[in-house]
Structure formats: C-alpha cells, structure tokens
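J.: Sequence:
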Amino acid sequence: MKLILTAALAAAAIAGSASAQNARIPYGDLNLSTASGADAFDARIAKAAQSMCKNATRPVSRLNDSAQCAAAVRAEAVAQLPGQTRAQYAANRQPITL
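Mapped onto mature numbering (1 follows the signal peptide of the UniProt record, and there is no 0), the consecutive letters of the sequence shown carry residue numbers -20 to -1, 1 to 78.
If you are wondering where the hints come from, they were derived from the structure by calculation, not from laboratory data.
Heads up, some of the hints might be wrong.
[As the list claims (entries may be wrong)] For each label pair, taking beta carbons as the anchor points, the in silico distance ranges come out as:
#, residue 1, residue 2, range
1, LYS27, ALA59, 13 to 21 Å
2, ALA55, SER13, 27 to 35 Å
3, ALA67, LYS34, 29 to 37 Å
4, GLY63, THR14, 13 to 21 Å
5, GLN64, ASN35, 21 to 29 Å
6, ASN11, ASN35, 32 to 40 Å
7, GLY63, LYS34, 29 to 37 Å
8, ALA71, ASN35, 21 to 29 Å
A virtual CB, placed ideally from N, CA and C, is assigned to each residue, including glycine.
Can you make the complete structure from the sequences, with help from the hints?
T.: This is the structure we're talking about:
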C-alpha cells in the first residue's frame, strides 16, 4: 500500500506549534483520477489535520490557528504525491474562484 508521509514540521512552523509530528495518509487504495477518490483523499487529509492541528496557535500568541495549520498539512500532503498522481488529483478538484 502506498503511503504519503505528511510532515507537520511546516504546519508547526506556520502555526506556531511547539511540537512537530507526522501522519501517514494512505492513498494507494484510492483512484485519484476520479472525483470520489479525490474526495476520499481530502477526507483523509482533513482527519489527519484535525488531529495534528488541534492545539495549533498563531506565532507569539495563544490564539488558535488550526485553519492555517490544516491548510499547511493539506499543501504538504498534496505536494508529496507523485507527479502523475498529483495531476490526476488536481484534475478532480473544484476550481477556486477568487
């Protein structure tokens, strides 16, 4: 089974958390070239981020910043997908409208 190792070091640095941790997010059983597979991967990332970012705070602050931490975990997880798999995953995400 393929695993993607999400290093929370980037998330910890961004969110000001004192401790870095890692989460393994499996994706080998998913077909990321389909919307349902990409959705399932997103759910796994969200679950890992929820666990890893529950105590995240803003740098030099006691304010919670779990959203920033979760975004960093998501970015790191997607960045670690192999190139072709990442392209397939990206093709099945909703476009972001600014």
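J.: Please go over all the hints and tell whether each is borne out by the structure.
T.: Now for the hints, and whether the structure bears them out:
A hinted range of 13 to 21 Å holds for the C-beta pair LYS27 and ALA59, which are about 18 Å apart. In this structure the supplied range 27 to 35 Å is violated for ALA55 paired with SER13, their Cβ-Cβ distance being about 21 Å. Under the hint 29 to 37 Å, the C-beta atoms of ALA67 and LYS34, about 32 Å apart, fit the expected range. In this structure the hint that GLY63 and THR14 lie 13 to 21 Å apart at CB holds, the actual value being about 18 Å.
For GLN64 and ASN35, the hinted distance range of 21 to 29 Å is not satisfied, since their beta carbons lie about 36 Å from each other. Between ASN11 and ASN35 the C-beta distance comes to about 34 Å, which sits within the given range of 32 to 40 Å. The hinted range of 29 to 37 Å is satisfied by GLY63 and LYS34, whose Cβ atoms lie roughly 32 Å apart. The hinted range of 21 to 29 Å is not satisfied by ALA71 and ASN35, whose Cβ atoms lie roughly 35 Å apart.
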